[in-house]
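Colleague: These are the residues of each chain, in order.
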Amino acid sequence: MSIPKLSRRQFLALSAATAGVAALGSRFVPLPQTITPAGAAEPSLSEGQWIPTCCHMCGGTSGILCNVVNGRVAKIKPNTDNPIGLANVSSDYWQHKSEGAAMCPKGNAGIFTLYDPDRVKKPLKRTNPEKGKGVDPKWKEISWDEALDEIAAKLKALRDNGEAHTLLWFTEDSSFTDIQADFCDLYGTPNYSMHSNLCDVSRKAIFKSVMGHDRPLGDTVNSKYILFFGWNPLSATKWSHLPRTITRGIENGARFIVVDPYCSFTASKAHEWIPIKPSTDGAMALAMANVIIESKLYDQKFVDDWAVGFDQFSAYVKDKTPEWAEKITGVPADTIRRIAREFATTKPAIVDAWSGPGQHSNAVQGGRAIAVLAALTGNVDKPGTIMIPNKGGGAHPPIRVKKTDKPRLDGLSKFPMGHSSGVYTEIISRILDGKGPYQPKMAVVMFQNLVLSIPGTNNVIEALKKLDYVVVDDIYLSETAEMADIVLPGSTYLERYEVIGQWVTWPVVSLRQPVVPPIFGQLPEYDVVIQLGKRLGLKDADGAPFFESLKYEDYISKMIQGGSAKITLEELKALPGAVWMDPKGTQYEKHLAEVKPPEGATVDPKTGSVKDKDGKLVGVKVGDKVHKGFATPTGKLEFFSESLASKKDINGNPIDGLPAYTPRDWYPDDKFPLFLINWKESHHTHSRTFNNPYLMEIQNWNRLAINDVTAGKLGIQDGDEIWVESPYGKAKAIARVTQGIHPEVVGWQHGFGHWGFGKVAKGKGTADGQFNVTKSDPISGMALHKEVCVKVYKA
Amino acid sequence: MSKRYVMVIDLRRCVGCHACTVACKQENNVPVTAFRTWVKQVEKGRYPNVRKVSLPALCNHCEKPICVQNCPVQASYQREDGIVLIDYDRCIGCKYCIASCPYDVRFVNPLRKTVEKCTFCVHRVDRGEKPACVETCMGKARTFGDMNDPNSDVSRLIADLPVSPLKPDSGTGPRVYYVYPDELAMETRGTDANYIKYYHRDLKQEISLSEDDIRERHKALEGISRADRFYDYRIDSNRPIR
Amino acid sequence: MKPASTKRTDSSDKANLLRKALVTHVVRNVACDNHEIEAARGEKAIVALARANIYNLLASAYAEPPSLQVVRAIADGTLLRAFRDVGLDHVAAELDAFVPGRDAKDLLEEMEIEYTRLFVAPGPDYVPPYQSMYSDELSDGSTALANDGKRLDKRQLWGDSAVAAERMYLEAGLAVTGELREVPDHIGLELQFLQHLCGREAEALNTGRILAAEESVRLQLAFLETQLAPWIDRFCQAVGNAARHPFYRGIANLTLGFVLSDVEELRRQASVIVDGAMGSGDVCSV
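Each protein sequence line maps, in turn, to chains R, H and A. Each step along the first sequence adds one to the number in this note's numbering, with nothing skipped, and position 393 is 393. Each step along the second sequence adds one to the number in this note's numbering, with nothing skipped, and position 15 is 15. Each step along the third sequence adds one to the number in this note's numbering, with nothing skipped, and position 81 is 81.
These aren't lab readings, by the way, just hints derived from the structure by calculation. Any given hint might turn out to be false.
Said to hold, decoys possible - Below are the DSS-like pairs computed for lysine-lysine, each with C-alpha atoms no more than 25 Å apart in a straight line:
| id | chain 1 | residue 1 | chain 2 | residue 2 |
| --- | --- | --- | --- | --- |
| 1 | H | K44 | R | K680 |
| 2 | R | K131 | A | K105 |
| 3 | R | K596 | R | K154 |
| 4 | R | K75 | H | K130 |
| 5 | R | K466 | R | K791 |
| 6 | H | K44 | R | K97 |
| 7 | H | K130 | R | K277 |
| 8 | R | K97 | R | K277 |
| 9 | H | K44 | R | K713 |
| 10 | A | K105 | R | K584 |
| 11 | R | K671 | R | K791 |
| 12 | R | K794 | R | K671 |
| 13 | R | K435 | A | K105 |
| 14 | R | K596 | R | K621 |
| 15 | R | K238 | R | K391 |
| 16 | R | K277 | R | K616 |
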């Protein structure tokens, strides 16, 4: 390239010629004269300022402190004033606070994500009408006003045409959800959906069904027997206290058993790793119940007082012997027998299940069988058992709105234990098969990478292509953003606000606040919502323009004030670590709290449920006292769920009120003989963190774990390139031959296989969702990430 | 009596999450592909009696550091409190110390072109804080403190629990102690069948380096023995002392 | 305005004509107070204004997508002539081949896409316009440039150069803020900062505040030397290699040429001042 050295004459000529051609508006504003740069009026220039906030490298929201030096985030460290990084029961937290809270590798790598050069910086508009994987969208930068005007115009057109309900809205479930829900309600679409149904709605369903709460937490540090089915909390460290609370429990004498097809790092810490065939955990649980009941090892008094349906359950499991379970699960009958005895006779004990059994088509019934084991042995809401949390949080600020009566596209109401987050797989399927009550036209996708997160990758791509207009708000040009018409630059957690109700067992409310202003001047997602709402002039039921003068700081202040903390945003900011905590701490055996039944209350002789004259449950009669009970329909722990028995699942099949075992729909056969599962590791979150160099250098490939013997039969050696093939997808992978996986199972870490996203993420590993059917479990709507059968052969 | 800083790592509490690996990188601005601390992971046993063991490792700030002894320009030196440091302005990058260290904790910083290693976060310690890896550890496996203070946490751990450093007969007197040391994990070499070849460094893939970059770097490393390569050698750690 | 010597009467006549034309252009098109123009005294102020103008042009090329105005200037040959005038004949030729018969609106979108591809949307041709991506910096403040000029590792925005740039902006009494905010070492910001400084110099000269003008010049040189010059060649090379559109190749060439010339000239002036041989009219060699 020739480098012209300009003489003065030349540049004067140039200046004359080009004067006025471009007149760039100033990017600078003058500082007030009285402030000197060195004097820290500009907060970004203060040294050593530690700003408390909450992480969001994963949805765990651990408390962190961020040091800003010279306007740049210099360091992130754990925030000990926030219990989530230390303990999940208050006694443990207060006793061991001096140990300090912890932070996982992802939190430590947060600065890289904030300053990632591959971030989307400005709004982008697609100019190439053709959409597809690998098709260049030919983006052009547009201004924020242009982008918001265009999106608002599209929204307005739909609404004016009476088609507001054809708008689909997707968001992550822990970020600015309330204001997005308000927008959708005011706009008039029922299709507000969150990612939970990709995550753990089956676990929510099982525990909600049995004990009335959808997110119980195990008090592992105080437990003496910990039994996990398909949970890997020491790698999938959603809450950064999990490694400490679990290893400390073991140090304190707990026996730790992990049932999992894969020898995870969690299984590695267990006294025993029990390999099991995927989706069969429910059978093992029933066999355990069989042994416990047969040997009269169950807590009879507790069951008499606090369970309904025990007799039916007992009759049902009578023939579900360990031998019966061995045939299904592959776990030796003697092992099942022994574990059952140990579990029932060691107290206090925890039994828990998560996304292992949770992401198959028999997830809910299988999970319920596991959950009732806690009820069977009286291990509920006591120290060292599975706890019903008293979770604090923010309240949804009051809004008067008349919601649309149009049905959701995903048919959520047909899922008897469906979650308010919806059913993503049904949305994708309805777009493709057109069998919904209407055809959706537009989608707004906030902070989601649908393409890599929903099982059946190609289906998702095709579905997005079918929509008329797609808006994606993300920090990366993800595989979903590739299909968008407009991409808005998202904000990282270091650049925005949120009210966090922490997942511990007592009310704790903490704040996420901007550590630096959005570095590209982008609008945080909630401000995008507000701006769109303003442009549309959305009005509430009283005719007031809801978004007109709405400031998000006021909105969250209302959330905090209306929730457990009952203080303002400013007051929360001023608290140590920006954390409010209920001084009463963790409460145990909350079901025992006595209540005074109101006038005209009746008692059900069979269940002991006490209902008021309107039929609403107000308590449970046990003996001659009336207690608060559990939040189930009967107030008791339900071995038999009347509520489920009265419903049909999405396929129209009746649901057993008992946790009856049925195999999952799709089993391996001669053609596709291996179960394919996936899991998480500590250094990545879903598909989100793959452009972060510090995290990618810990592991930048998801090799497929294959059992040593199985690999030998297939002639595959460690490190070989292999084909993985299901009826729905075929791709190359690299083999990792290991002793630590069930011989009929192959598996890998989820989230790899990006083809977009960024320079670091691109081309690493194999995307796992491409082998799946786009389907959910028929009761809760849980996406079936793990129900896949494949064949594997050398490439 | 002066202080003597040591670290104790409780292998019961380490879950192999690599928080320490990344915290150290964040704190000390360690370049991508180099590690001042890392977690070796090993798979033991035969199906179904299998477990994975994690072993965090870092500079042992030895009592008789051979790296200090062997440095031809006295760039490596040891403080009275035991912390072994490198004077980057003196280091000439000869890599003799890398070859000398029985624990392979040293590496060449590709930007500075000098040798680098864990400093026990001396800049934090001197202002009364714990090293970054200790602060972040999720299992609270790492403890740091003064071994010359009989009441310190580290002293009590060493007194009360079964501890051992890595390669206790290396002759250098390592001062990082492992509680409930796992023999297999500590002995396993990267070439052993049970080493979990997890890390990207085992594959040809590298992050953010183009083919040209890699070729350039490898060209520069030609002729240098494997043990001296800051990048690859961790696969084959625990070399015997020469 | 006195000619440099009688031997160069022709060129100095041209220079005078050029200056007059420049002043007229500046009066008509450049966004500044009429007051300033009327008060404009001396070549130096005009030169400073002209430099401000050019920095504005360059900044706009990187800070935002091309406007219809710019596209029209390409389509109607203004920029083509400008490139020719500064000796970028081959680029001018490319533009010439590229442009005729093109509808300005089509051309606009094509160039918006090109701009986005080069400077905004992360993709295979993305040339991150941030100084931090081109300098290798360590946390202890020392700077080590890798042999091949490529960043070996960090791939992180807001490096030490960004902190340094922001500090210089603040010391000059300017803050980057609001919706148009960018990371402080974005090329557009750095170029526009120079535009501001040149504008200040002009204003100071016109109001007779010679010391303020000199201070501004000092700041200009300091900023150019510490912030722009260290990476401008690698950046412009990268743009030149990645750009498919002749306009951006031209702008990259121009940026490099102008910035380097400017640095050289400012250094020369600084040494002249040091030597004490400061003349008021010798600044322009025409």
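Colleague: Which of the numbered hints above does this structure break?
Modeller: 3, 5, 6, 7, 8, 10, 13, 16
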